[in-house]
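Q: Each chain, letter by letter, is given below.
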Amino acid sequence: MSMTNKSKKGFTTFKVSSYIFSYSFLLYPIILFIIFYVYVNINSIILAFQNITLEGQRSWVGFANFKMFLKGLTESGLIRISFFNSIKIYFINLVICMPLYIVFSWLLFKKVFGSPVIRIVIMLPSIISSFVFCLVFRSFAGAPLQQFMIGLGAENFPNLVDDSNYALGTTIFYQIWISFSTSLIVYPNAMRSIDPALFESGRIDGMCTMWQELRYIILPLIFPTVSTFLIVGFSGMFSGAGPLVAFYMYSAPAQAYTMGYYILVETLAKASNPTGYPQIAAGGLMLTMIMAPLTLLLRHILEKLSPVEG
Amino acid sequence: MRMKQKMNGKMRIDKGVQIFFYILLIILSLSLLVPVIWMLMNSFKGNIEYYQKPTFSLPESLDFDNYAFFLNNIKYEVKRPEGTYVYTLPWMFMYSIIWAVVPSAFSILVTTMCAYVIARYKFPGRNFLYSLGIVVMVLPIVGSSGSAMLVRRQLGIFDNMPLMILTGPSVAFSGMNFLIMYAAFKGVPWEYAEAVFIDGGGHLRVFLSIMLPMVLPSAGVLVLLGIIGGWNDYETFLLWLPSYANVARGIYNFQYLGRLDLGATMPQILAGFVVVSLPMIILYICFQKVITANFMVGGLKG
Chain S
3 MSMTNKSKKG
13 FTTFKVSSYI
23 FSYSFLLYPI
33 ILFIIFYVYV
43 NINSIILAFQ
53 NITLEGQRSW
63 VGFANFKMFL
73 KGLTESGLIR
83 ISFFNSIKIY
93 FINLVICMPL
103 YIVFSWLLFK
113 KVFGSPVIRI
123 VIMLPSIISS
133 FVFCLVFRSF
143 AGAPLQQFMI
153 GLGAENFPNL
163 VDDSNYALGT
173 TIFYQIWISF
183 STSLIVYPNA
193 MRSIDPALFE
203 SGRIDGMCTM
213 WQELRYIILP
223 LIFPTVSTFL
233 IVGFSGMFSG
243 AGPLVAFYMY
253 SAPAQAYTMG
263 YYILVETLAK
273 ASNPTGYPQI
283 AAGGLMLTMI
293 MAPLTLLLRH
303 ILEKLSPVEG
Chain Z
12 MRMKQKMNGK
22 MRIDKGVQIF
32 FYILLIILSL
42 SLLVPVIWML
52 MNSFKGNIEY
62 YQKPTFSLPE
72 SLDFDNYAFF
82 LNNIKYEVKR
92 PEGTYVYTLP
102 WMFMYSIIWA
112 VVPSAFSILV
122 TTMCAYVIAR
132 YKFPGRNFLY
142 SLGIVVMVLP
152 IVGSSGSAML
162 VRRQLGIFDN
172 MPLMILTGPS
182 VAFSGMNFLI
192 MYAAFKGVPW
202 EYAEAVFIDG
212 GGHLRVFLSI
222 MLPMVLPSAG
232 VLVLLGIIGG
242 WNDYETFLLW
252 LPSYANVARG
262 IYNFQYLGRL
272 DLGATMPQIL
282 AGFVVVSLPM
292 IILYICFQKV
302 ITANFMVGGL
312 KG
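For the record, the sequence lines run as chains S and Z. Mapping the first sequence onto the numbering used here, position 110 (from 1) lands on 112, and the numbers just tick up by one. Mapping the second sequence onto the numbering used here, position 89 (from 1) lands on 100, and the numbers just tick up by one.
Chain S with its partners taken away, still in its complex shape (with noise of 0.2 Å):
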């Protein structure tokens, strides 16, 4: 009996102690949350409601700055480009990337001639400096491009960088070409941690071409990696602020932005000039309060297609 009382004194010793431990562990993290995200949230909701001034001093507004963010939503303007800007990326590069992502890393997955050589140049951008990689476009796509394209007969081939008709062009084909350089390292990773015999019986049950192999053993075996891109991808649609920053400082042409570059240039860039904030903290709530449910139905939907445990 005494020994019973005494294990039972011990385990309860040792949850006490494992709670202390794990609590520790746990402190300064949680602390820093609640301080970098939840008050810093709970403060952008509040100033979205308010007005601030130069110096710093904040008074309540009630929904002007909605109205105002709702305005530059409806109206032509940078807001409207930018919001219209953000879905058109997103889009090009779910209808245009993904399948040419799944199918380059098909490729790879099946060691076509040279993908060695292929896979270390696919990672140049990596291997350079991404940053280096995106400053190195920037020179490159502007005027010797140009030159080289003038040179070459296309007399009218104009600077793909500073002329602003072809800027949010150049910005994207920018995104979706780097975006190989991780896309082919990640999928064909996945698909080389599906099981070899599932492709041996594949061949036995008749599946002979590369649609097939996709189809039915490879993309339901690498789903929850697709449906984790899909949904990051989503989820920042208007946060990102893509090579913007590398190509033009913070001044890029009106036709290039993104929801993302806009809220930088408006916050972050005028970092002593905090007039412009509430509206900015408006216009996120409202495209938050948006976001946010579709995002984790996209979750909830993707998670309901998946035919494998994620």
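Hints may contain errors.
[As the list claims (entries may be wrong)] Beta-carbon label-pair distances, calculated as ranges:
| no. | chain 1 | residue 1 | chain 2 | residue 2 | range |
| --- | --- | --- | --- | --- | --- |
| 1 | S | Trp179 | Z | Pro253 | 27 to 35 Å |
| 2 | S | Lys90 | Z | Gln16 | 22 to 30 Å |
| 3 | S | Ala66 | Z | Gly167 | 28 to 36 Å |
| 4 | S | Gly171 | Z | Gly94 | 41 to 49 Å |
| 5 | Z | Leu227 | S | Gln257 | 26 to 34 Å |
| 6 | Z | Gly213 | S | Phe93 | 49 to 57 Å |
| 7 | S | Gly155 | Z | Val301 | 27 to 35 Å |
| 8 | S | Asn275 | Z | Glu205 | 54 to 62 Å |
| 9 | S | Pro160 | Z | Ser72 | 28 to 36 Å |
| 10 | S | Ala273 | Z | Cys297 | 31 to 39 Å |
| 11 | S | Gln257 | Z | Gly167 | 37 to 45 Å |
In short, the hints are calculated from the structure, not lab data. Where a beta carbon is used, it is the ideal one built from N, C-alpha and C, also for glycine.
Using the hints provided, position chain Z relative to the given structure of chain S.
A: For chain Z alone, coordinates are given in the frame of chain S:
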């Protein structure tokens, strides 16, 4: 017979499609090589040669003057209340190394500690924290950067590198790194820990001497990827640490203002790009297999 013919036809079409995509893949690879070759070739050219000769022509000689100019002249001036600071290349390299190594190592350490207790201990709030981490990861919060700026300014974190590093891991129980470390700890058998507990060892000893060494390869890869990200990071310096300059910030500035301030030519700027890329090329060559083999993304479950 007809079935066989149909099958052969299908396979021929499939082969054709494969060849089409293979050609596209080759074009993509070649297109990625073009700017790099252009950068290398033109970094050796003189200014007149750069403008007068075709852009893809080989340089007349392997002249390292552009590299010397970059190494001797790159600088970044910042104004602080106490005076003007001039960052030269060695200082920028030092800040690059600090910013590449310290935040990623510290952040992965905090993430690892979170992942360990959430993966291996049962305590009130554990499931809530895990789910919260997943929600935070997926939930898009837009437009809070203004508020973040105000809070960081109020707390004196804005433009303060040590505090930026210390407050970096604000969502340590969320994100891909957390999920990777969580999965790594889940994969370690708990029997090792039980053996230490029976021998009288405590929780910290189990973590430091048993569990941490077991997940060190995963943590090491994350630190490595963090180092690469930190080395490339110019935006944090541009926006949050304007009084500091790492190499990325320096070359970014050199590219925009070098021509005006220093009279730098395009080939000299390109030589700068080559110099700045070298450390990452060396790092990649050393850890190529580790980096590429461990680059995997799983599902989001929670």
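Q: Evaluate each hint against the coordinates.
A: Hints and how they fare:
no.	hint	in the structure
1	Trp179/S to Pro253/Z: 27 to 35 Å	holds (31 Å)
2	Lys90/S to Gln16/Z: 22 to 30 Å	violated (45 Å)
3	Ala66/S to Gly167/Z: 28 to 36 Å	holds (31 Å)
4	Gly171/S to Gly94/Z: 41 to 49 Å	holds (45 Å)
5	Leu227/Z to Gln257/S: 26 to 34 Å	violated (49 Å)
6	Gly213/Z to Phe93/S: 49 to 57 Å	holds (54 Å)
7	Gly155/S to Val301/Z: 27 to 35 Å	violated (47 Å)
8	Asn275/S to Glu205/Z: 54 to 62 Å	holds (59 Å)
9	Pro160/S to Ser72/Z: 28 to 36 Å	holds (34 Å)
10	Ala273/S to Cys297/Z: 31 to 39 Å	holds (38 Å)
11	Gln257/S to Gly167/Z: 37 to 45 Å	holds (39 Å)
Hints 2, 5 and 7, counting from the list given before, are not met by this structure.
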